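J.: When you get a sec, could you build the whole thing from the sequences and use the hints?
Quick note, the sequences are listed as chains A and B, same order.
The first sequence stops at residue 353 when you use the working numbering, and every number in between is there.
The second sequence stops at residue 1249 when you use the working numbering, and every number in between is there.
Hints were generated in silico from the structure; no laboratory data involved.
Owing to the predicted nature of the structure, the values given are computational and were not obtained by experimental measurement.
Misleading hints may appear alongside valid ones.
Stated by the list, open to error - Simulated crosslink set (SDA-like; lysine to any residue; CA at most 20 angstroms straight-line):
{"#": "1", "chain 1": "B", "residue 1": "1084", "chain 2": "A", "residue 2": "268"}
{"#": "2", "chain 1": "A", "residue 1": "75", "chain 2": "A", "residue 2": "23"}
{"#": "3", "chain 1": "B", "residue 1": "1087", "chain 2": "A", "residue 2": "292"}
{"#": "4", "chain 1": "A", "residue 1": "281", "chain 2": "B", "residue 2": "1087"}
Claimed, not checked - If you want a taste of the chain B side facing chain A, the calculated C-beta under 10 angstroms gives, among others:
{"#": "5", "residue": "1042"}
{"#": "6", "residue": "1045"}
{"#": "7", "residue": "1180"}
{"#": "8", "residue": "1183"}
{"#": "9", "residue": "1204"}
{"#": "10", "residue": "1210"}
{"#": "11", "residue": "1226"}
{"#": "12", "residue": "1227"}
{"#": "13", "residue": "1230"}
{"#": "14", "residue": "1236"}
Think of the CB as a built atom: it goes at the ideal place given N, C-alpha and C, for glycine as much as any other residue.
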Amino acid sequence: MPGTRPRLLSIGTANPPRWYSQDEVLDLYHTTQPALRSLFHSGHIRGRFLYLPEPGPDGIPPLETQGELLDKHLKGAMEIGPLAIERCLEPMGLRPADIDYLVVLTTTGFLAPGLSAHLCRRMGFRDDCARLDVVGMGCNAGLNGLNPTANWALAHPGHNALQVCIEVCSAAYVYDHTMRTAVVNSLFGDGAAAALVRCCDTDSRAFAPEILGFESHIILEALEAMRYDWDSVSHKFSFFLARDIPYFIGVNAPIVVDRLLDRFGLKRRHIAHWIVHSGGKKVIDAMEYNLDLTAHDVRHTLSVLRDMGNLSSGSFLFSLSRLLDEGVVKRGDYGVMITMGPGTSIETALIRW
Amino acid sequence: MRELTTLTYEEHGPLATVTLNRPGQGNRINIAMIQDLAAVCDHLEDASEARVVVFRGANGVFSEGIDFGDFDPGKLIDIHGFNKWEKIVVRLERLPKVTVALVDGPALGGGFQLALVMDQRLASPRATFHLPEVHLGFLPGMATFRLAKYVGLGHAKRILLCAPVLGPEEALRLGILDRVSEDLDQALAETIASFGPIHTVAVQLARRLLNESFCTQFEDALGNFLAAQHRSVTQTAFLDTLKRARETR
Chain A
1 MPGTRPRLLS IGTANPPRWY SQDEVLDLYH TTQPALRSLF HSGHIRGRFL
51 YLPEPGPDGI PPLETQGELL DKHLKGAMEI GPLAIERCLE PMGLRPADID
101 YLVVLTTTGF LAPGLSAHLC RRMGFRDDCA RLDVVGMGCN AGLNGLNPTA
151 NWALAHPGHN ALQVCIEVCS AAYVYDHTMR TAVVNSLFGD GAAAALVRCC
201 DTDSRAFAPE ILGFESHIIL EALEAMRYDW DSVSHKFSFF LARDIPYFIG
251 VNAPIVVDRL LDRFGLKRRH IAHWIVHSGG KKVIDAMEYN LDLTAHDVRH
301 TLSVLRDMGN LSSGSFLFSL SRLLDEGVVK RGDYGVMITM GPGTSIETAL
351 IRW
Chain B
1001 MRELTTLTYE EHGPLATVTL NRPGQGNRIN IAMIQDLAAV CDHLEDASEA
1051 RVVVFRGANG VFSEGIDFGD FDPGKLIDIH GFNKWEKIVV RLERLPKVTV
1101 ALVDGPALGG GFQLALVMDQ RLASPRATFH LPEVHLGFLP GMATFRLAKY
1151 VGLGHAKRIL LCAPVLGPEE ALRLGILDRV SEDLDQALAE TIASFGPIHT
1201 VAVQLARRLL NESFCTQFED ALGNFLAAQH RSVTQTAFLD TLKRARETR
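T.: Here you go:
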């Protein structure tokens, strides 16, 4: 029986070629302050894929201007974005020209025209491909984007919608040896993830989850908890993370998750797979202890964090990809995807294989 | 709740009682009992107002462990059957209620394991505890994981490898039992009174952190504690405590 809900048919992910351990980053920037070194090692992260400039004559990578960071964002995005797209489409026997709707998300660089236009020129998407660029929504954006992507697919049965999350977080770094920037510089990594969504397939044999619904939640009292500020000393955008974020998110997570599940008459125990954004160790702890999830439930969330850091909007697709690679998902299993980010927002989606 | 075939379920106000009951079968655990326990868990999690759940056995037995009747020696043994049992045990361990095992007779294998996941274990002088599995060529489920936390590694090795039948006094001394009494109903009433007001979230989180305490790095455990503590202090139970503290100051 052909499905009547949009399905997430394929995922592709990509990272920059160079992986740095936390120590390598510290040593590269000659960071000696014990408090900063300790911060880099306290967050469960072993290392990250990053676009860092080659060291200059003094052995330290040169400080990049905001203009250079924007250039790096576009250049990096045009390397990892196309790779993730190819890895997503190739197993389905598709090419960019087969895509009818392209949604591109990024928070780590501002540009017009958006990344979708650059991808069209680079990869041969059709000139009548419908596009949407979502810029600046942060780590939660992956599900804010998947909502219109799934709805577009539902409205255009049989047509291909592609969502691409592209984050070059290393293009949003400010190096000034303060705790504020070290919190960001020790956490975020670079990566891109693409997801193919299509509805009402005549071929129902493919083992792919249906997207059943979304539920959103914004915590307005914590509007400023995650934000870009303009740093007028270094003349760069500087991302800020408040230390209470895990607690705002933890307390509110059950509200939005149970609202989502109630709509479908489900309880949390009916959910076989939890695909949670790898926001950071403390926020993952908060999700575990407020939603009564086990370390096993968040194993991929933790392993993506450990291996790559917080990849912002694409993180949850990296976790989903690892879950699929495990081969444990069974037909009929339910999954809940949760992303958290600025707003402060918690976005959720229910899927079923 | 659907009809149960291997156990009886009663609920009177704050107290729910689950009685393992397979007459002539030593209340042994079979697939039907696992399904019955799952139905009881559904009810306790979704619909029950009970605060305390008591698990006991009918017919003078707590439970004699796994029923081999579900196994066919001619067929490949399905390891997932064992996993189904472990899953229901974990679910019982995490119930949003305070749980008590009342052991009046033998608790073997899976029966012993069931008692170990309860929050408190009370027994009569007729109770015995026995893990014969290793002598029978298999393993006593995740009792291998839980028992040593109660009794220490040395005693746990003896209990698994030498398979002694432990009487209630020794079980009490080892920390397997919390109380031995001729009058189990009186002991139960006193134990329930000692639980106080039972703030479900605080109970669940305290129990979880304790269960994780022997197998988590301190730094990870600290992060877990802070997340759990934050959840606790945002519940009405603690906010009420604060209000009362302010009024009496």
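J.: Hint by hint, which ones does this structure get wrong, listed from lowest number up?
T.: When the structure is compared with the hints, numbers 2, 4, 7, 8, 10 and 14 turn out to be violated.
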